[in-house]
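S.K.: Each chain, letter by letter, is given below.
Protein chains: 2
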Amino acid sequence: MPDQAMPSLSLGSELDFNNGDATYIKILDAGLAQFTEFGLRRTTMEDVASKAGVGRATAYRRFGDKHQLIQAVILRECQYQLGLIEAHLKTLDSPRDALLEAFVLAVTRAHVHPLLQRLLSSEPEDILPLLTLQWSRVIALFRVQLASQIRRAEEAGHVKVHDADQLAELMLRLMQSLVLSPDGLMNPADEASIRDMADRYLRPWLG
Amino acid sequence: MPDQAMPSLSLGSELDFNNGDATYIKILDAGLAQFTEFGLRRTTMEDVASKAGVGRATAYRRFGDKHQLIQAVILRECQYQLGLIEAHLKTLDSPRDALLEAFVLAVTRAHVHPLLQRLLSSEPEDILPLLTLQWSRVIALFRVQLASQIRRAEEAGHVKVHDADQLAELMLRLMQSLVLSPDGLMNPADEASIRDMADRYLRPWLG
DNA sequence: TTGGTACAACGACACGGTATTTGTTCGATT
DNA sequence: AATCGAACAAATACCGTGTCGTTGTACCAA
Chain C
1 MPDQAMPSLS LGSELDFNNG DATYIKILDA GLAQFTEFGL RRTTMEDVAS
51 KAGVGRATAY RRFGDKHQLI QAVILRECQY QLGLIEAHLK TLDSPRDALL
101 EAFVLAVTRA HVHPLLQRLL SSEPEDILPL LTLQWSRVIA LFRVQLASQI
151 RRAEEAGHVK VHDADQLAEL MLRLMQSLVL SPDGLMNPAD EASIRDMADR
201 YLRPWLG
Chain G
1 MPDQAMPSLS LGSELDFNNG DATYIKILDA GLAQFTEFGL RRTTMEDVAS
51 KAGVGRATAY RRFGDKHQLI QAVILRECQY QLGLIEAHLK TLDSPRDALL
101 EAFVLAVTRA HVHPLLQRLL SSEPEDILPL LTLQWSRVIA LFRVQLASQI
151 RRAEEAGHVK VHDADQLAEL MLRLMQSLVL SPDGLMNPAD EASIRDMADR
201 YLRPWLG
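Protein sequence lines correspond, in order, to chains C and G.
Using UniProt numbering, read the first sequence as starting at 1 and increasing by one per residue.
Using UniProt numbering, read the second sequence as starting at 1 and increasing by one per residue.
It is possible that some hints are incorrect.
Below are the SDA-like pairs computed for lysine to any residue, each with C-alpha atoms no more than 25 Å apart in a straight line [as the list claims (entries may be wrong)]: (1) Lys160/C <-> Pro204/G; (2) Lys160/G <-> Val161/C; (3) Lys160/C <-> Tyr201/G; (4) Lys160/G <-> His113/C.
Simulated from the structure, these hints should not be mistaken for lab results.
Could you build all of it, start to finish, from the sequences and the hints given here?
M.R.: The following block contains the structure:
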């Protein structure tokens, strides 16, 4: 009965409980699948449990309640996507290019992310307040990640910024706007247009 | 029975109908007052009409229906606020400073605007989709205004930009984010922090 | 530790019936 | 010519009711 949802990243330290972690991950996978297909409100714990092949009580034992399960699914997905982006950046030499490419990838990937788009189109009244009025609670994870990435590049002498946290917040605000309002001159569906934008307007910020 | 709501700016050409325009403006004023105090949904046409001191039928005769009245009130308020900002900018010498100051004023004024804040707090499910998913329909007015302002400054040789429309959209996206998500390192309630931000990150865009 | 069941509490939902609001029309009034 | 006040049907919001599904917890056998 974990107090906070355990992300899949902490799996490495408990490879012994292979069986236990297996059900844990099965439930998270089932939750992601069902939430993506039917939305948060219309999927029941029964749906998730049966899809995961476990009893409903087991899901409650692992995640406490539905809301914590939702948080765990979303948190794991965020970390997974961050991991994908980070992995892709390993192929780049310049840390400056890496920061800009992270921006581009985050925007374009979010724009085609099944769960995010599902919730935006079928339950906007639930998710829009979260991604705007209360967005500081949501992006905390992303901002510290991005800010530390900026600081690392700065200490290595590759970029020069005034305030890494401020810059990270600005980049995240632009991501927020592009994802929530895709219809404009820069289109998240067109990776090239986003990359051009980042190159022209964000690169100067990196000193 | 005007097809589209007539903004107050077209008043100049019809000063003859002083009496008619007076009721027109009285209804708009009453609408603004009631919408601000009770929200869009909870104010009735009866409320607006009686507050304006006219019959309910007159309000319908002038604006068609409630939705068109709402649009007219909001449109007039947007134009009024734009006018206020433009008037304030007349006091500045540098067109470059004027553009940045317009950004600062727009953000800080929107953050304390009674109607906008009222709708954000009491009817977010109605207004958030409008200001995000369908925001391109809303900001058309602002973008052409801002882009033409940028172009004017550019033709006068005061700034040098790559694409005035693109730049205008970027500035508007940052305004959108700051207004909809005020909680962050830059706070719209603190004019100085917004001005610092504009100075540091937006000024380089102006060439 | 799991699965299955039983359970109370809660919220969503469907239903009628009522009241309000909307949008239109008309005649009287200025 | 435009306004007001009134009347009107239609649409919509509201309310009380009951039903159903879901949630979250507890228990016991495996």
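S.K.: Does each hint fit the structure? Answer for all of them.
M.R.: Right, here's what the structure says about each hint:
1. Our distance criterion of 25 Å between C-alpha atoms is met by Lys160/C and Pro204/G, whose separation comes to about 15 Å.
2. Distance check on the hinted pair: Lys160/G and Val161/C sit about 23 Å apart at the alpha-carbon level, within 25 Å; holds.
3. This hinted pair checks out: Lys160/C and Tyr201/G have alpha carbons roughly 13 Å apart, not beyond 25 Å.
4. Restraint check for Lys160/G and His113/C: not satisfied, since their Cα atoms lie roughly 37 Å apart, outside the 25 Å limit.
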